[in-house]
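Student: One-letter residues, chain by chain:
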Amino acid sequence: MNTSNPFVLLGFGPNGWGASLVAGAAMTLAVSIAAYLVGLVFGGLAAWARIAGPRPARRLVGLYTTVFRGIPELLVIYLVYFGGSEALTSLGHLFGRSGFIGLDGFLAGTLAVGLIAGAYQTEALRGGFLAIPRGEIEAARAVGMGRLLMLRRVIAPRALRFALPGMGNVWQQVLKESALISVTGLSELMRAVNVASDSTRLPFDFGIAGFALYLVLTSFSGGVFRNAERSLARHERAR
Amino acid sequence: MRELDFLGATMLQLLGGVPLTVGLTAGSVAVGAVLALLLALLRANSRPGAALVSAYVFVFRGTPLLLQIFFIYYGAGQFAFVRASVLWPFLREPWCCALLALALNDAAYASEILRGGFAAVPKGAVEAGRAVGMTRLLLLRRVVLPLAIRQALPAYGNELIAMVKSTSLASLVTLMEVTGIAYAIISETYRAIEVFLCAGAIYLVLNFALTRAVAVLEAKLGPAGT
Chain A
1 MNTSNPFVLL
11 GFGPNGWGAS
21 LVAGAAMTLA
31 VSIAAYLVGL
41 VFGGLAAWAR
51 IAGPRPARRL
61 VGLYTTVFRG
71 IPELLVIYLV
81 YFGGSEALTS
91 LGHLFGRSGF
101 IGLDGFLAGT
111 LAVGLIAGAY
121 QTEALRGGFL
131 AIPRGEIEAA
141 RAVGMGRLLM
151 LRRVIAPRAL
161 RFALPGMGNV
171 WQQVLKESAL
181 ISVTGLSELM
191 RAVNVASDST
201 RLPFDFGIAG
211 FALYLVLTSF
221 SGGVFRNAER
231 SLARHERAR
Chain B
1 MRELDFLGAT
11 MLQLLGGVPL
21 TVGLTAGSVA
31 VGAVLALLLA
41 LLRANSRPGA
51 ALVSAYVFVF
61 RGTPLLLQIF
71 FIYYGAGQFA
81 FVRASVLWPF
91 LREPWCCALL
101 ALALNDAAYA
111 SEILRGGFAA
121 VPKGAVEAGR
131 AVGMTRLLLL
141 RRVVLPLAIR
151 QALPAYGNEL
161 IAMVKSTSLA
171 SLVTLMEVTG
181 IAYAIISETY
191 RAIEVFLCAG
201 AIYLVLNFAL
211 TRAVAVLEAK
221 LGPAGT
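Protein chains in written order, with my numbering: chain A, 1 to 239; chain B, 1 to 226.
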């Protein structure tokens, strides 16, 4: 049963862990995309409130970004996972169900990492908005664009172009933070690496495999963002 | 009242983890800074060195810190020759492994920040130093490094805060720093929100103090009269 041949270990045969590692990588990608989208919603709303909201809303956004950028990610995951499970359990008691109800790891992880990503995304989006040359907005107003049309045709595309590098950094961060979701027992890549390491007692080999798979994920998705940046900047003259 | 008692007791317990959190941060940042300087110099001064350093940075910035910590803590012990070596008493200790992983990770980010600082040093300043006959080492110490460090300081401040947060991962290799203690209290009492508030406050205070310290240093290192 025990083999140390790396081709067998990392392969897809009965003694191979290849399938479980690839499934883990797919789960990492799925939970990262979900968390990134949640972060985009939080970040978009918060940036909007920060730019155009009343003073209390701006204060609230300031508090949100300070807290979630200053507290360890792991702590936020514990809060959402255990806090969410507590809330579910007491809700269950209300409806006559006894015993502990655990929050789903995917859901808790998505929410926690999304909350953190949203705080960083707020700053990236706000920076993008602030980088739009005033003249462009004035020009849009001068030709009589309505607020919504201006948002759709001028502000959103231009802000996106300036915010994209920062948004790419947030994505890289989300991808790496998703490894912490393994503490909830979600079988993403980090957890798959740990399970394989423990079962085979070959943590070095599977660690290397984990590094390789994460590097594939981070560099390929980095390429996607670089392409998007290039395509959004395609109308600009080379300087 | 009972609620306040719980918060107070939790806070006291969590504060017991602060020395470990601060120690891990200080230790890894100190080692990381030395490594970062070496990496940045290697990158600037030789072509094969530059390739090596960029590969190092690629790996450490492209993979999760948690994997790096686990890899050093569990991975090294897989080999008999490591277990027989003089380094084993260190590599067996979770504290040493966490510190090593944090320092290596920090070095990758900090060397990139320092590289940006080097790039911002005006050519004229270097030429002037050379013109008065400074040796390479003296030039580095008196001209290049002070200017580069001043330039890199704001970005480095962010990296320091990231490091404070990163030390929380040491709890996953059994170290009882603030987050480790928080986890223990949560699993004992099932009161995640209260514990989060206390632990979060500790981290926010630590990071606020750090931010202030960097701002003071920035003002001090800035050009005279600004």
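No wet-lab data here; the hints were simulated from the structure.
The model shown is predicted, which means the values in this text are computed figures rather than measured ones.
No residue lacks a Cβ here, since even glycine has one placed at the ideal position from N, Cα and C.
Misleading hints may appear alongside valid ones.
These stretches of chain A come out as covered by chain B in the derived footprint (C-beta under 8 Å, 3 or more residues) [as the list claims (entries may be wrong)]: (1) 40 to 50; (2) 195 to 202.
Calculated from the model, a selection of chain B residues having no Cβ within reach of chain A, i.e. all distances over 10 Å [stated by the list, open to error]: (3) E3; (4) F6; (5) V18; (6) G62; (7) K165; (8) V173; (9) A213.
Student: Could you run down the list of hints and mark each one as holding or not?
Tutor: Here is what the structure says about each hint:
With 0 residues having a beta carbon nearer than 8 Å to a beta carbon of chain B, the region 40 to 50 of chain A misses the requirement of three or more and the stated coverage is violated. Counting residues of the region 195 to 202 of chain A whose beta carbon lies closer than 8 Å to any beta carbon of chain B gives 3, which meets the minimum of three for the stated coverage. No beta-carbon of chain A comes within 10 Å of the beta-carbon of B/E3; the shortest separation is about 15 Å. Every CB of chain A lies more than 10 Å from the CB of B/F6, the least distance being 14 Å, so the non-interface label holds.
Look at B/V18: its CB is around 13 Å from the nearest CB on chain A, clear of 10 Å, so calling it non-interface holds up. Not every CB of chain A lies more than 10 Å from the CB of B/G62, the least distance being 4 Å, so the non-interface label is violated. The Cβ of B/K165 does not lie farther than 10 Å from every Cβ of chain A; its closest approach is about 4 Å, which violates its non-interface assignment. Interface exclusion of B/V173 from chain A stands, the closest Cβ pair being 12 Å apart, more than 10 Å.
Listed as outside the interface, B/A213 is consistent with that label: its C-beta sits roughly 15 Å from the nearest C-beta of chain A, beyond the 10 Å cut-off.
Violated hints, listed in ascending order, are 1, 6 and 7; each of the other numbered hints is respected by the structure.
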